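*Asks:* Residues per chain are reported as follows:
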Amino acid sequence: MADQRIPFATHAETTVLGADEIVLNMGPQHPSTHGVLRVKLRLDGEKVIGSECVIGYLHRGVEKIAEHRTYTQFAPYVDRMDYVAAVSNGLGYCEAVEKLLGAEAPLRARVIRTILTELQRIASHLFWLGTHALDIGALTPLFYCLREREEILKIFEKYCGARLTTHAFRIGGLQYEAYDEFEKDVERFCTPFDKRVDEYESLLTGNRIWVGRTKGIGILTAKEAIDYAASGPVLRASGVKWDIRKAMPYAAYDLYKFEIPTGKNGDTFDRYIVRMEEMRQSRLICLQAIENIPAGPIMGKVGKVLKPPPGEVYHAIEAPKGELGYYIVSDGTTQPYRVRIRPPSLINLEAFDKMIRGHLVADVVAIIGTLDIVLGEVDR
Amino acid sequence: MANDPEEKQPSASPKKEEPSAVNPSAAASEPASKPPATPAVPAAKPPAAAAPPRPPAPPKEGPVALDNDLVKRYKERFGEAIREAWIDRKQAILVIARERLVEIATYSRDEEKFDWLSDLTAVDWPKREQRFDVVLNMYSLEKNERLRLKVYATADERVPSVQGVWATANWEEREVYDMFGVVFEGHPELKRILLPDEWQGHPLRKDYDILTQDTAWVRENLGIESGQ
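Chain order of the listed sequences is V and Y.
Each residue of the first sequence is one higher than the one before, starting from 0 at the first, in numbering that gives the first Met the number 0.
Each residue of the second sequence is one higher than the one before, starting from 0 at the first, in numbering that gives the first Met the number 0.
The set of hints was computed from the structure by calculation and includes no laboratory data.
Treat each hint with caution, since some may be false.
[Said to hold, decoys possible] Restricting the straight-line Cα-Cα distance to at most 27 Å, the calculated cross-link-like pairs of lysine-lysine (DSS-like) are: (1) V:263 with Y:142; (2) Y:89 with V:300; (3) Y:190 with V:353; (4) V:256 with V:183; (5) V:245 with Y:89; (6) Y:205 with V:63.
[Claimed, not checked] If you anchor each label on the Cβ, the simulated ranges turn out as follows: (7) V:356 with Y:200: 31 to 39 Å; (8) V:48 with Y:218: 43 to 51 Å; (9) V:330 with Y:157: 25 to 33 Å; (10) V:208 with Y:206: 52 to 60 Å; (11) Y:205 with V:204: 49 to 57 Å; (12) Y:128 with V:43: 46 to 54 Å; (13) Y:206 with V:211: 50 to 58 Å; (14) V:72 with Y:99: 37 to 45 Å; (15) V:68 with Y:224: 49 to 57 Å; (16) Y:96 with V:48: 36 to 44 Å; (17) Y:191 with V:356: 22 to 30 Å.
Predicted model only: the values in this text are computed from it and were never measured.
Ideal Cβ placement from N, Cα and C applies to all residues, glycine included.
Work out the full structure: start from the sequences and follow the hints.
*Replies:* If you want it as structure tokens, here you go:
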């Protein structure tokens with residue numbers, strides 16, 4: 000069942016390159032690789048017959064740093080992994096440590112966390128849509144997407160003072176109370192937002208060039224997606240209806256109604272449709288949540304010095320890019336013994352080779368775009 | 000608060016409803032080896048004003064031996080190869096014999112339906128003789144459960160590669176090799192993934208000092224003792 004890939008390097012070495020074959024190096028400074036990703040492509044004319052991703056250019060040793068910080072001190076570092084969706088990273092880490100401590104954030108904190116995380120999902124998807132469309136050649140959506148994303152970042156800024164690396168949550172709850180106009184701001188953003196999504200769709204969904212560039216490109220069947228442990232929109236576009244928010248609810252997701260959009264063909268177009276629908280669903284979650292933010296404390300009882308009892312925990316959340324998991328081992332001291340971060344971008348990128356084979360060079364950027372990777376998270 | 004989801008999720012969270020395999024209540028009913036056997040005392044819950052509709056049981060702190068149906072099935076099938084089983088923070092963990100990893104992984108995927116390998120990683124315990132834990136976090140899309148497999152290895156012992164069971168393990172095993180120096184037997188191209196090929200040492204080992212590489216470079220290239 001598992002796919003036995005021919006390793007690129009040995010393949011290239013043992014086989015004499017055909018008359019039409021070349022090896023093309025793309026990146027790490029290529030503008031369409033969303034950071035410093037280097038891809039070695041083996042080409043037959045314009046057709047890709049093999050590829051190898053070279054990663055690690057942004058490796059900062061986050062997991063090693065974690066072993067030298069206290070649980071509290073490490074929290075801001077996770078924002079620097081997926082810097083397009085820092086709020087989600089923070090949520091995963093805080094909840095994992097809470098699980099390790101046996102504590103839980105109060106309901107009010109969890110609801111505010113849910114709202115901010117869903118806004119972050121919208122922001123992340125907007126940024127993905129803008130850049131993905133730009134890579135394929137549609138310049139216009141980028142401006143619209145960034146316009147809306149800006150509104151979300153303003154909400155973050157008003158909430159915690161930062162726009163990107165927010166460090167919005169604390170272990171045990173929240174540090175900041177929602178500001179006075181918080182609900183109003185969220186509502187002001189969410190109410191017209193479905194029309195905005197329609198607007199983006201009117202630019203792309205029926206667009207002949209867009210359809211031509213995305214339909215049937217980079218197909219990943221459900222079986223392959225599971226084999227490669229792809230997660231998030233990549234898995235759902237292949238027809239697997241699985242979302243951790245529903246399967247193992249965390250934060251306050253069990254309180255709200257929403258759908259899990261899925262695709263059928265597992266191609267680039269389906270992944271686009273799934274993410275568009277996810278934005279609409281996130282908007283609905285936000286609207287439901289602001290209707291009734293329960294009163295109460297925002298910080299649970301966790302103490303000033305965090306000393307989780309020895310043991311280990313694996314906690315995963317549905318980040319915008321897929322399953323973001325934290326595996327934390329405690330030895331009973333104030334510093335984590337081991338923090339393993341399961342980055343969705345890295346695991347999804349692993350399926351790249353499977354998806355690109357047989358397609359053209361021009362599709363490389365489409366497939367990198369559709370995987371929605373952030374190299375800060377791939378390399379950690 | 001606002002509205003409950005109409006359709007009940009299949010075992011929405013690991014709580015007591017169905018006698019699922021990785022059920023914490025199964026462990027709770029077990030004569031626990033630890034003295035403070037406090038299975039889900041409701042009194043331990045903080046008197047929260049807004050009690051949400053969620054499992055009130057506080058997670059058990061620390062590992063407790065586990066012997067539920069799932070573990071029994073594994074033990075029946077593999078006997079001695081299942082070395083230990085315990086539950087920690089409601090998560091089931093099996094320690095298995097290293098030599099039979101591929102066999103047990105294949106069984107987990109096909110028979111127990113743990114078809115989705117969330118994560119593969121390692122932990123270093125330098126004081127132990129077999130210093131490395133190689134940890135597989137599996138998930139079952141069908142049963143909505145997680146299960147963790149662990150194997151122990153010394154620095155010289157090779158761990159069988161599960162790349163043939165789950166394609167996703169390819170890069171994760173490379174990362175474990177890169178960071179810990181654990182060698183996976185049968186991996187098609189075991190080489191560094193995040194660090195440059197010429198890197199010395201394996202950074203996530205506990206005895207790897209983060210300044211070693213820096214100091215060596217500074218000495219060699221700048222001719223001074225240390226840059227820090």
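*Asks:* Against each hint, give a clear statement of whether it holds in the structure.
*Replies:* Status of the hints after comparison with the structure:
no. : hint                         : in the structure
1   : V:263 with Y:142             : holds, 22 Å
2   : Y:89 with V:300              : holds, 21 Å
3   : Y:190 with V:353             : holds, 20 Å
4   : V:256 with V:183             : holds, 21 Å
5   : V:245 with Y:89              : holds, 19 Å
6   : Y:205 with V:63              : holds, 9 Å
7   : V:356 with Y:200: 31 to 39 Å : holds, 35 Å
8   : V:48 with Y:218: 43 to 51 Å  : holds, 45 Å
9   : V:330 with Y:157: 25 to 33 Å : holds, 27 Å
10  : V:208 with Y:206: 52 to 60 Å : holds, 56 Å
11  : Y:205 with V:204: 49 to 57 Å : holds, 52 Å
12  : Y:128 with V:43: 46 to 54 Å  : holds, 52 Å
13  : Y:206 with V:211: 50 to 58 Å : holds, 56 Å
14  : V:72 with Y:99: 37 to 45 Å   : holds, 41 Å
15  : V:68 with Y:224: 49 to 57 Å  : violated, 27 Å
16  : Y:96 with V:48: 36 to 44 Å   : holds, 41 Å
17  : Y:191 with V:356: 22 to 30 Å : holds, 24 Å
In this structure, only the earlier hint numbered 15 is contradicted, and the remaining ones agree with it.
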